[in-house]
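Going letter by letter, the sequence shown gives residues 1 to 356 in UniProt numbering.
Careful: at least some of the hints might be erroneous.
[Claimed, not checked] Label pairs and their calculated CB-CB ranges:
id, residue 1, residue 2, range
1, G225, D176, 20 to 26 Å
2, L24, G47, 41 to 47 Å
3, P42, A238, 47 to 53 Å
[Stated by the list, open to error] The list that follows gives simulated cross-link-like pairs (lysine-lysine, DSS-like), each with its CA atoms no further than 25 Å apart:
id, residue 1, residue 2
4, K281, K237
5, K281, K178
6, K256, K115
7, K250, K115
FYI, nobody ran anything at the bench for these hints, they're computed from the structure.
Ideal Cβ placement from N, Cα and C applies to all residues, glycine included.
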Amino acid sequence: MQQYDKSYILKRIGSSTLHALFSLFVICSSIWLCLALWIQLPAGWLGSRIIIGIWIAFALSILGIYITQHFFSRRKDVLIYIIGFVCSLFWYFGMAPRQDRDWNPEVAEILHYEKQGDLITLHNVRNFDWHADGSYSARWETRQFDLSKINGVNIVTSYWMGPQIAHTLVSFDFSDRKPLTFSIEIRKEKNEEFSAIGGFFRKYELSLIASDEKDLIYTRSNTRGEQVYFFPVDMPKAEMQALFVEYLHKADELQKQPKWYNTLTSNCTTLVFDMVQAVSKHELPTDYRLFASGYLPNYLHDLQAINPQWDMKTWYQKAHVNPRVSQLKHLSSQEYSEKIRMGLPHSNSENNVNHF
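Based on the sequences and whatever the hints tell you, model everything.
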């Protein structure tokens with residue numbers, strides 16, 4: 001009798017554990033699926049609300065069964081739920097990114113290039129003329145760059161929703177021409193707005209923009225009123241050149257096969273980190289600040305990739321772009337690039353080569 005009681009108790013404990021785990025699975029998977037449906041199905045479409053409502057009712061009925069019934073006696077219901085969820089995964093992961101949508105003019109063109117030795121010809125370099133009301137005169141250009149003339153790399157962070165989250169841009173200095181900025185962005189359709197939640201659910205494709213600094217950075221500091229910071233980075237010249245080439249490879253990838261943007265894993269900061277890691281001779285430590293992108297400059301400062309002559313409080317004061325340019329209008333591209341570098345050390349390609 002004692003042995004029977006012990007076996008019975010163990011079975012009850014096992015059943016309760018399975019109850020709890022399966023209930024947690026139903027709750028988490030249903031929340032994920034309902035969000036995915038809400039993001040993916042047409043806004044305002046009555047059918048989307050009906051589909052979500054049906055799934056919620058189905059999930060609640062499954063949970064109700066397991067609150068009142070023995071786990072092992074309801075295996076059929078477990079199987080039905082799992083099959084239903086697996087089918088939803090096939091639907092979700094079967095969605096393919098596309099190149100043929102009705103794109104917002106800011107991301108309408110795809111960057112591509114030709115390379116002959118160190119000479120790079122870039123097509124569809126963006127050089128929009130932005131106006132105070134957010135409108136712009138669109139202009140796409142072809143420009144040539146010599147890899148051997150790269151003499152600086154800068155990290156630009158733009159904040160619009162608190163200190164934790166920033167958009168990351170990378171700007172290259174050249175000894176013989178004005179800088180070029182790269183930005184990994186969402187590729188929005190016309191009249192489409194950004195949603196951080198939507199970015200988790202295959203709402204947007206990725207876009208790589210190569211641009212004049214007065215386009216990409218001015219847009220944020222002057223037109224949108226975001227808080228922008230400009231940090232020269234210490235890197236060996238060979239790695240600067242290799243990083244530029246990594247951007248070209250990324251342009252190749254996106255031209256051949258569009259990719260989804262992901263707010264957490266495939267965004268403007270994580271992809272930059274992946275490219276830097278690819279060209280660095282040293283293993284860069286994984287850090288939460290790669291996901292809390294607003295703290296990326298602090299991460300780079302700890303690696304001494306940002307000149308350690310100043311602490312980060314001083315760096316943020318010195319690197320703040322807005323006070324230098326927010327009241328200025330009708331700046332030329334060259335004047336804007338000079339203003340945002342005022343008082344900052346030039347990125348160093350010779351010192352600190354073991355740090356980054």
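Evaluated hints:
1. G225 <-> D176: 20 to 26 Å: violated, 34 Å
2. L24 <-> G47: 41 to 47 Å: violated, 29 Å
3. P42 <-> A238: 47 to 53 Å: holds, 50 Å
4. K281 <-> K237: holds, 13 Å
5. K281 <-> K178: violated, 28 Å
6. K256 <-> K115: holds, 17 Å
7. K250 <-> K115: holds, 14 Å
Violated hints, in rising order: 1, 2, 5; the structure is consistent with all others.
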